[in-house]
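Enquirer: Sequence:
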Amino acid sequence: MARDKTQAAPANGGGSSATNGAGAAGAGKKDIPKTYRPHEAAERWYRHWVERGYFTPKGDGSKPPFTIVIPPPNVTGNLHLGHALNNTLQDILIRFKRMQGYDALWLPGMDHAGIATQTRVEAKLAEEGLTRHDLGREAFLERVWSWKEHFADVIRKQWASLGLSLDYSRERFTLDEGLSRAVREVFVRLYEKGLIYRGEYIIHWDPVARTALSDIEVEYREVEGKLYHLRYPLKDESGWIEIATTRPETMFGDVAVAVHPDDERYRELVGKTVVLPVIGREIPIIADAYVDPTFGTGAVKVTPAHDPNDFEIGLRHDLPRIVVMDESGRMNENAGPYAGLDRFECRRRLAEDLAAAGVLVKAERHVHNVGHSQRTGAVVEPYLSTQWFVRMKPLAERAIAQAHADDRLLADRDRVAPAAEDDGGTGGSAAGNAGAFAPGAPTHGRSGSGENVPVRFVPERFKKIYLNWIENVRDWVISRQLWWGHRIPAWHCDDCGGITVDRKTPPRCVHCGSERIRQDEDVLDTWFSSALWPFSTLGWPEETDDFRRFYPTDVLVTGHDIIFFWVARMIFTALEFTGNNPFRTVLIHGLVRDAEGRKMSKSLGNGVDPMEMIEKYGADALRFMLSTGFAPGQDLRFREDRMEAARNFANKVWNASRFVLLNVDDAVFDAEGIVEAAHRAGTLKMTERWILSRLAATIEAVTERLERFEIGEAGRLVYDFIWDEYCDWFIEFSKEDLYGADPTARRQALGVLLYVLERALKLLHPYMPFVTEEIYHLLPAAPEGRPESLVIADWPRPAAHHRDPEAEEVIGEVRELIRGVRNIRQEVGVAPGKTVALHIAADPEAIERFSAHRPYIARLAQADVTVAPRERGEAPETVYALGGVTRHAEYRLPLRDLVDVEKELERLKKEWARWDGEVERVRKKLADPDFVEKAPPAVVEAEREKERDYLERREKVRERLELFTRMLNDEHKAQSREKRG
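Sequence positions in the sequence shown follow our numbering and run 1 to 981.
I should point out that these hints are in silico values taken from the structure, not numbers from a laboratory. None of these values were measured; they are calculated from a predicted model. In this text, a Cβ means the ideal position worked out from N, Cα and C, and glycines have one as well. A few of these clues could be false.
Said to hold, decoys possible - Okay, derived cross-link-like pairs now, DMTMM-like style, lysine to aspartate or glutamate, Cα gap no bigger than 25 Å in a straight line:
#, residue 1, residue 2
1, Lys463, Asp236
2, Lys157, Glu612
3, Lys272, Asp236
Claimed, not checked - The following label-pair restraints were derived from C-beta to C-beta distances:
#, residue 1, residue 2, range
4, Ala357, Glu515, 54 to 62 Å
5, Val275, His150, 57 to 65 Å
6, Arg914, Val370, 52 to 60 Å
7, Val416, Leu951, 37 to 45 Å
8, Gly785, Asp407, 44 to 52 Å
9, Asn648, Arg914, 27 to 35 Å
10, Asn452, Arg37, 48 to 56 Å
11, Glu955, Asn472, 52 to 60 Å
12, Glu127, Asn648, 39 to 47 Å
13, Arg680, Arg37, 35 to 43 Å
14, Asp635, Pro394, 32 to 40 Å
15, Trp723, Asn369, 48 to 56 Å
16, Phe659, Arg221, 24 to 32 Å
17, Gly607, Ala935, 27 to 35 Å
Sequences are here, hints too, so could you generate the full structure?
Expert: Structure below.
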């Protein structure tokens, strides 16, 4: 079954090879397009990154390792939005750590997905009128391998479209030769320790896929069915006993009727015999403490071959087991006249016949949880079958003990964390910055270092969910009645019946020496091989260089829905076979839901194809939208307007960068030298000091949040800094010098602009790799050179000497004042090009700050500015004005200078009437008892929210009406006085 893994990197379009080194083109003004073209940039730079080998770690021990293994997607089709979120979060982390100086490995791979893939391929065969049995096992597997190759190529192209920095040279597949060897090794070792066994037991059976399922492959859904009350006659004809069941079709497998030993109603009947209707089999009435006297009639039919609890009753009472269905869910010969019928059709007909015979007393409505196959959706049938199992208790006990030891170790490390932070600071290099990713700095040799790696769940509440499952786990059924998968390495002897388990195909039976042996037909549960993913992908069971260097891994990013399926199994298998946890941190994310909070599904038609979003908005936009909407453990709602906003942000970054670069005439520009020289000389302007201080603070905050896995919050901080502080404010501040007559001031302004831009691009790069790389290569060359790609550039460190509380306070207040004036202009409807009068009354100690920044205020607020000490009081002409207060000043805009008061009054009267009408309408609706009592609570609350909003809007209009009316009246009085005078 195993084949060699594919290591070819994806060919993402036909983009040309990129230039060597950022700024190599000299940032000529004519070389910068007016608009950013995301698809061209993505094709060009991804090919460049892969060809240059940036995603492949050196592995030479010169840097500390950092490892993520990708949760392998199934080779069943295209990736969905959940994959896009999961992969984007990993890529942000791996790019961040690579830039911090770690030897970062993100190992890609795919899962063969046994049931899911085989089901898809069989469906395709059915379209041709064929079944897998028509082809035979080998020919069928060739079909599946072709399917795998096709979709593996599709997945690689989608990874490339997302910009994932995966090391394709290490790509793995759960059925490749190396992983197959690991699977056989694990199976044999567990078998030799008595932890894998073969036995007959009630398992979950999928009659569509015709295979066994593990407990966690079954989804329980609330279903409205019926509870059938049947009367089984006593053999001695003295009466009957009434039982209740939801599955009357299984009565043909009944071998007893059970009652509780303390149930007085049936005490005299225990030991008697009843006659099974339809087929006449005599079965005993037994007493068993499992029976719930309060459910139904207090008497239950016992069907050991079709119910797990009945199976246990059968063991206690030595009852026979009668299977009444075949593997497809059809009734077999034990069902008598109903043989050959589908189980549900049998239920319907049998109920009719039993009612006609007087056996069925009643069938009452009954809502209960019914198991469905996660893969096919079929109703799961409890089914007696011989299967292979993993004995879970010893493995679970070790995992539980390790989890408690992890808690103690993490608590100890958290207590000393502040001291460790003081040593390294917050910022860029791997040497002093292990952070939350690896409590205690990662060692250069992982698996051989003897280091005990505790697992931290983020958020922590998921640790309890993991523990609750592992503490209550049952034996794991690992055999599947499929052809696609790891065939069980066990051989059955036709002569002695013995079983030989071996890593390789044995020549003969180990028990009797016969050569007449045949391999078990079943394959292993897909999760069996997936459980080995963190260490088998690195070369285990061999002590490879990769295994020694990169194991245990650092972070697993996964959804909360597969903690049981995958996370728990990886932990207990890793502990058993490597003696260590498989990862340091488990970062949990939620589901991507639609805008209304519904789960995306084909039936609802609300699914979103991430590739369509990339085609429409660009990969950077999709990555940024998903990542900034992320909060650990929480579901995320997808809204296309947020995609538009993310694309607008990418365009904003492009346009702002283009503006700065078009002002640079030099092919080589020493931005850092200019900034540091100006800082030492004390010639930096207050606005320049402010943006450098904000940059240092942002670098520190973003780094800290990424270390804590607050990826969404870190992205929002980058967004706020670039869009608001750099683009909307500092670039505008800088225009005074860029367009001024002082060449020294112009050069210094450009130096600060470029210095901040380069570091902002680095902060944004993990989130938006393509637009940032495109801009990075347009930067003028630095005298000392710079890395040829942001992928391998250093993560910025906060310059402590640039922190400047005074500048942040001064410019913060100036910005607050300008924002206030802009808001007033917008509220009143002042024409965009109109200059208004602005009076600033400042505290004596703040006069200088407002006077010095008067040109900025005048231009950015479009105002004719006067600044005066606050103690002079108000000028008469500013009595009727709109304004506000900052920490050190008051500002006023005279109304007459803003609007035509008479026209504004007319407009306000109409607006008041509008909102008054809306208030009346919504209140009338909320006063209707039928609406309030019958409408969904969310709809009623939405109407109440409207009422609050309308009232607030009406009140604001009323206040403005009063002000304008009072002003107009006073003006009329003044005019009258002038006429009389």
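Enquirer: Now look at each hint and say whether the structure bears it out.
Expert: Status of the hints after comparison with the structure:
For a cut-off of 25 Å, the pair hint linking Lys463 to Asp236 is broken: about 58 Å separates their Cα positions. Between Lys157 and Glu612 the CA atoms are separated by roughly 13 Å; this keeps the pair inside 25 Å, and the hint holds. Taking the CA atoms of Lys272 and Asp236, the gap is about 8 Å. The hint holds against a cut of 25 Å. Ala357 and Glu515 have their C-beta atoms about 57 Å apart, which keeps the hinted 54 to 62 Å range intact.
Range check, Val275 to His150: about 59 Å between beta-carbon atoms, so the 57 to 65 Å window is met. In this structure, Arg914 and Val370 meet the distance hint of 52 to 60 Å, their C-beta atoms being roughly 54 Å apart. Taking 37 to 45 Å as the suggested C-beta distance range, the pair Val416 and Leu951 does not conform, at roughly 54 Å. The supplied range of 44 to 52 Å is met by Gly785 and Asp407, whose beta-carbon atoms lie about 48 Å from each other.
Checked against the given bound of 27 to 35 Å, the beta carbons of Asn648 and Arg914, roughly 31 Å apart, stay inside it. Checked against the given bound of 48 to 56 Å, the beta carbons of Asn452 and Arg37, roughly 50 Å apart, stay inside it. Between Glu955 and Asn472, the C-beta spacing of about 57 Å keeps the proposed range 52 to 60 Å intact. A beta carbon spacing of about 44 Å between Glu127 and Asn648 agrees with the range 39 to 47 Å that was offered as a hint.
Taking 35 to 43 Å as the suggested C-beta distance range, the pair Arg680 and Arg37 conforms, at roughly 41 Å. A hinted range of 32 to 40 Å for the beta carbons of Asp635 and Pro394 is consistent with their spacing of about 36 Å. Taken as a hint, the range 48 to 56 Å holds for the pair Trp723 and Asn369, whose Cβ atoms sit roughly 49 Å apart. For the pair Phe659 and Arg221, the beta carbons lie near 57 Å from each other, so the given range of 24 to 32 Å is not met.
In this structure, Gly607 and Ala935 meet the distance hint of 27 to 35 Å, their C-beta atoms being roughly 29 Å apart.
Violated hints, listed in ascending order, are 1, 7 and 16; each of the other numbered hints is respected by the structure.
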